[in-house]
Amino acid sequence: MKRRLLGLLGFATGIFAGSVVLRRRFRKPRDRVEVYFDDGAMISYVEGAPEAATLLDAARDALRAVRS
Amino acid sequence: MDVAQALADLTEISSQIEAAVLFAADGTVEGSTLADAGAAKALADASAQLLQRADALRGEDAAVTQVEAALAAGAVFVVRDGERYIAATTVANPTVGLVFYDLKSCLRDSAPQESPKRKRATKKTEPQEEGEPSDEA
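Chains as they are written, first to last, in our numbering: chain A, 1 to 68; chain B, 1 to 137.
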């Protein structure tokens, strides 16, 4: 009975770990903007952050200008 | 090196760069790899907007020198050198460090050359022959 329970627990752990790995591997990368300053600082704005929206809009305009 | 040559070298060196435009702070396009002047102007304007908005986020204490926007469809790079700018679009997931390096090189190579300064002539001294008595001795 104890061995069967351990087996089930191991199986469930394996399924969970596998799903985490798969989710990480096939996750769609989020759009982001990295800004570098003259004092050596760098700030990264990821899609979803309020500051990122205006920057990403301008970047999309730039890509559209080239590809349209 | 002139602007056209610097841009031609840039696209030859970097296969990841799709298009690039060199422009001034006032938005004047100095040169571009795009055949369509309207598209070049649109790229310059959008890149200037990107830099301006990034500048506004942090305020007065530091100026933006370069920006990379990574999108699913591709990436946009903008580099500033004083009053001159270069913007480029690339394929998705480019080698960021390499693209920045190539853009900075292009910006530097295309900069207007300053008139060369006159070098002070240095007096050539003849090497002393062996056996000749030296003044110090």
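Hint data in this document are derived by calculation from the structure and do not stem from the laboratory. Among the hints, erroneous ones may be present.
[As the list claims (entries may be wrong)] Residues of chain A placed beyond 12 Å of chain B at every Cβ, according to the derived structure:
id	residue
1	Arg-4
2	Leu-5
3	Leu-6
4	Leu-8
5	Gly-10
6	Phe-11
7	Ala-17
8	Arg-23
9	Val-35
10	Arg-67
11	Ser-68
[What the hints assert, rightly or not] Cβ pair distances, simulated, as ranges:
id	chain 1	residue 1	chain 2	residue 2	range
12	A	Arg-67	B	Ala-24	16 to 26 Å
13	A	Ala-12	B	Ser-15	25 to 35 Å
14	A	Leu-5	B	Val-91	43 to 53 Å
15	B	Glu-12	A	Val-46	27 to 37 Å
16	B	Leu-57	A	Arg-3	57 to 67 Å
17	B	Asp-61	A	Ser-44	13 to 23 Å
18	A	Arg-30	B	Asp-61	23 to 33 Å
[Unchecked claim] Chain B stretches covered by chain A per the calculated footprint, using a threshold of three residues with CB under 8 Å from any CB of chain A:
id	region
19	52 to 58
20	70 to 76
C-beta: ideal position from N, C-alpha, C; glycine also.
Hints, one by one, checked against the model:
| no. | hint | verdict |
| --- | --- | --- |
| 1 | Arg-4 | 46 Å, holds |
| 2 | Leu-5 | 45 Å, holds |
| 3 | Leu-6 | 43 Å, holds |
| 4 | Leu-8 | 40 Å, holds |
| 5 | Gly-10 | 37 Å, holds |
| 6 | Phe-11 | 36 Å, holds |
| 7 | Ala-17 | 27 Å, holds |
| 8 | Arg-23 | 18 Å, holds |
| 9 | Val-35 | 4 Å, violated |
| 10 | Arg-67 | 8 Å, violated |
| 11 | Ser-68 | 8 Å, violated |
| 12 | A:Arg-67 / B:Ala-24: 16 to 26 Å | 24 Å, holds |
| 13 | A:Ala-12 / B:Ser-15: 25 to 35 Å | 47 Å, violated |
| 14 | A:Leu-5 / B:Val-91: 43 to 53 Å | 52 Å, holds |
| 15 | B:Glu-12 / A:Val-46: 27 to 37 Å | 34 Å, holds |
| 16 | B:Leu-57 / A:Arg-3: 57 to 67 Å | 59 Å, holds |
| 17 | B:Asp-61 / A:Ser-44: 13 to 23 Å | 19 Å, holds |
| 18 | A:Arg-30 / B:Asp-61: 23 to 33 Å | 28 Å, holds |
| 19 | 52 to 58 | holds (count 4) |
| 20 | 70 to 76 | holds (count 6) |
Going through the hint list in order, the structure does not satisfy hints 9, 10, 11, 13.
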